[in-house]
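Participant: Following the hints, position chain D against chain R.
There are 2 protein chains.
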Amino acid sequence: MNIQELTRSLKTDNGSKIILLVADGLGGLPVEPGGPTELEAAATPNLDRLAAENVCGLAVPVLPGITPGSGPGHLGLFGYDPLEVQIGRGVLEALGIDLTLGPADVASRGNFCTVNASGELVDRRAGRIPTETCARLVEKLRQIRIQGIDLTIEPVREYRFAVVFKGQDLYGEVEDTDPQVTGVPPLAPKARNARSERMASIAAEFIAQARAILKDEKPANMLMLRGFARKPPIPSMQELYGVRAAAIAVYPMYRGLARLVGMNVLPPVANLTEQIACLRENWEKFDFFFFHFKYTDSTGEDGNFPMKVKRIEELDARIPEIMALQPDVLIVTGDHSTPSLLKSHSWHPVPVLLASRHCRPDRATTFGERECILGGLGQFEARYLLPIALGHAGRLQKYGA
Amino acid sequence: MNIQELTRSLKTDNGSKIILLVADGLGGLPVEPGGPTELEAAATPNLDRLAAENVCGLAVPVLPGITPGSGPGHLGLFGYDPLEVQIGRGVLEALGIDLTLGPADVASRGNFCTVNASGELVDRRAGRIPTETCARLVEKLRQIRIQGIDLTIEPVREYRFAVVFKGQDLYGEVEDTDPQVTGVPPLAPKARNARSERMASIAAEFIAQARAILKDEKPANMLMLRGFARKPPIPSMQELYGVRAAAIAVYPMYRGLARLVGMNVLPPVANLTEQIACLRENWEKFDFFFFHFKYTDSTGEDGNFPMKVKRIEELDARIPEIMALQPDVLIVTGDHSTPSLLKSHSWHPVPVLLASRHCRPDRATTFGERECILGGLGQFEARYLLPIALGHAGRLQKYGA
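These protein sequence lines map, in sequence, to chains R and D.
For the record, in the first sequence the residue sitting at position 341 is 341 according to the numbering used here, with numbers rising by one throughout.
For the record, in the second sequence the residue sitting at position 13 is 13 according to the numbering used here, with numbers rising by one throughout.
Honestly, the hints are just simulated from the structure, not real lab data.
One thing to keep in mind: the hints can contain errors.
You can't tell identical chains apart in this list, so a pair holds if it fits in one copy or across any two.
[Unchecked claim] Under the rule of at most 35 Å between Cα atoms (straight-line distance), these lysine-lysine pairs were calculated in the DSBU-like manner:
hint	residue 1	residue 2
1	K17	K398
2	K11	K294
3	K190	K398
4	K310	K398
5	K218	K166
6	K218	K310
7	K285	K310
8	K166	K140
9	K215	K343
10	K190	K285
11	K190	K294
12	K218	K398
13	K190	K310
14	K190	K140
15	K166	K17
16	K343	K398
17	K11	K398
Chain R with its partners taken away, still in its complex shape:
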């Protein structure tokens, strides 16, 4: 029996409400030896008070030392084992532009590229064509017709686009057509198993038609397909935890991840003010709210320590409005660390704050990485955070007599 089988069998609906506030990439590092992290440097009186009165800890997104992408990072926070549930790259690309995937659809990423007269790759990214060019070329690709297949083709950014194949008997175990080097032609799509033969031949047909359509374009006179995948079949949060779950996220990727676990994705909004208004308007309709704040990650990725500090302070200032709704449990954490020092995601554990009437106070007096070491939740795999929240919300019955 694993933790999800447990929550599935113990779940009970007592009407309590949980907010999971994800400040993407929240964890950080000092830029000077001994200095503060971004979260420690930020003036966060509201989070500090919550930390002092409630319980803190540190979440390990996947396993110690492992740096997660956004997919595994969020799956862990939603209570799924990110090592068991794997999201194919094509699926993530499709989710990232708000495409809806059926369980039997195969999604893939596309790259426009440049080939020479002999068909050998000259530039795998077609000189990073502007996104507008990408959109124009995608429009042309929409004339592709394949018997028995519904195609959805959407531009993503620069040379990247997404393709969703809908039809009978499609499976995603097909090799990338990108050889990862120039000087050779793109590879033919090759099935890794018998059931994916059909998908491979459909991809080959797609590429053949695309070659004809693109042949006179410059520089994007060819394309490659990568990351073929079906959406992983995973039980919904409602099934596992008995909560009506809603997602309030500005960026499509996070709405897509939420959709993957069966959340109700609320209509796109533009900023924190609109997100909080959305939370307020939907308060009675749902039990669990995934509230996503992007800018702690993007500023970290930019290596902009002061701006990450500012974004944390911006979030802190809105905490009273969120607490005014009187959630039974409020969690503030990140899906991973994004230290400005590293300009990238990292493996460092992520600060966690859990506020609830039933939490056991601990030794943490402010919300920061060093203080969280003194937290009563200890250091734990992020996939346990949701069961911990359900426990504090009174949403799990006793296990065994």
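Facilitator: Just chain D now, with coordinates in the frame of chain R:
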């Protein structure tokens, strides 16, 4: 290889002695924001001194967020994975009144209930008849005869009783006959698989005879059977850890749990003084002593904070007598938390204190929930506590060369 396979292969007998002192439901919560827990409020000079000189930590009974019953709580402390070993409700009921179960017996819980002239349930608990009435009705049920089956029927409390079926080919995968609602008749016992068909038909025969016996009783004119189960087949502590283990417990449930893992259950005693005398008398005969103290749980269940504090102080006062035996390892912990604030078991981690000549001192200076955060054992699943004790007792050889 799991931890029990490890201990099984590494165990060695060096004659050392371990006491596992379980203060049931030990962990607590403050009743006022920022206030002390029961354990923190209690004056515990003896436990505090042991905590300061030895090592502390926090045990997660099952997994984070999961509230355990007494069965899983104790199995974890005995070193078993409470998610692997599952104790059926019928078995727990039988253990709870000191019935001995063979490996092929099926135990079930019984409820007296009230049905109307059409046989429909009017009261699933027969107006909660007094325990004396239950005993009188059970005495009448003892006239039931079923070919090839030895029956043991014992009153438990109010409308509840226990039945043990002994015979050939009995398996416990039989559905409850309690439909959980009134206005419908009790269900017929239904086998969940082929091998349990025989048990289901025997249960049906038991119920038919009982109906005839009870028909003129008021209000308890019918009964229902629930929680059919065999005792789970689990290796004994002697097999796994190489210890001669003994249980010193006032209440039958805990003696039953100890019997389940192959402990020698010492004769029932009435109070702490008798428990300590029993420990002393049996000191030379065993290597491992499970010493159970109930009242930290029952006072928590009652929501009586000051009384739980008092019970903790009562236990603390006896620590010198226990230490006078010079155990190689003394552990003081609980099987779960029972905060007075919640009046129930909870998911919060449980304070652990381990005293031994070989423990590494840590930063905890008293025995309490917040201090245990500073403990050298960290926060860990309770099922690892027993291996930790064996390590400190010198009872595990090196793993690998």
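Participant: Hint by hint, note whether the structure agrees.
Facilitator: How the hints compare with the structure:
1. Proximity of K17 to K398 under the C-alpha cut-off of 35 Å is found in both arrangements, the shortest distances being 19 Å within a copy and 33 Å between copies.
2. When the C-alpha separation of K11 and K294 is checked against a cutoff of 35 Å, the pair qualifies both within a copy, at 31 Å, and between copies, at 28 Å.
3. Taking the shortest Cα distances, K190 and K398 sit within 35 Å of each other only across copies (26 Å), while inside one copy they are farther apart (50 Å).
4. In this assembly of identical chains, K310 and K398 lie within 35 Å of each other by CA distance solely across copies; the values are 27 Å between and 43 Å within a copy.
5. Taking the closest pair of Cα atoms, K218 and K166 come within 35 Å of each other only inside a single copy of the chain (30 Å); across copies the shortest separation is 66 Å, beyond that limit.
6. Taking CA atoms no more than 35 Å apart as the test, K218 paired with K310 passes in neither setting, with 43 Å inside one copy and 73 Å between copies.
7. For the homomeric pair K285 and K310, the shortest alpha-carbon distance inside one copy (32 Å) is at most 35 Å, but the shortest distance between copies (45 Å) is not.
8. With identical chains, the CA atoms of K166 and K140 are at most 35 Å apart within one copy only, with a shortest distance of 19 Å there and 69 Å across copies.
9. In this assembly of identical chains, K215 and K343 lie within 35 Å of each other by CA distance neither inside one copy nor across copies; the values are 39 Å within and 75 Å between.
10. In this assembly of identical chains, K190 and K285 lie within 35 Å of each other by CA distance neither inside one copy nor across copies; the values are 47 Å within and 40 Å between.
11. In the homo-oligomer, the alpha carbons of K190 and K294 never lie at most 35 Å apart, since the shortest distance is 37 Å inside one protomer and 54 Å across protomers.
12. Taking the closest pair of Cα atoms, K218 and K398 come within 35 Å of each other only across two copies (34 Å); inside a single copy the shortest separation is 65 Å, beyond that limit.
13. Taking the closest pair of Cα atoms, K190 and K310 never come within 35 Å of each other, the shortest separation being 48 Å inside a single copy and 64 Å across copies.
14. Only within a single protomer do K190 and K140 lie at most 35 Å apart by alpha-carbon distance; the minimum there is 25 Å, versus 64 Å between protomers.
15. Taking the shortest alpha-carbon separations for K166 and K17, neither the intra-copy value of 37 Å nor the inter-copy value of 48 Å comes in at or below 35 Å.
16. Taking the closest pair of Cα atoms, K343 and K398 come within 35 Å of each other only across two copies (13 Å); inside a single copy the shortest separation is 44 Å, beyond that limit.
17. In the homo-oligomer, the alpha carbons of K11 and K398 lie at most 35 Å apart both inside one protomer (9 Å) and across protomers (34 Å), since each shortest distance falls under that limit.
The structure shown violates the earlier hints numbered 6, 9, 10, 11, 13, 15.
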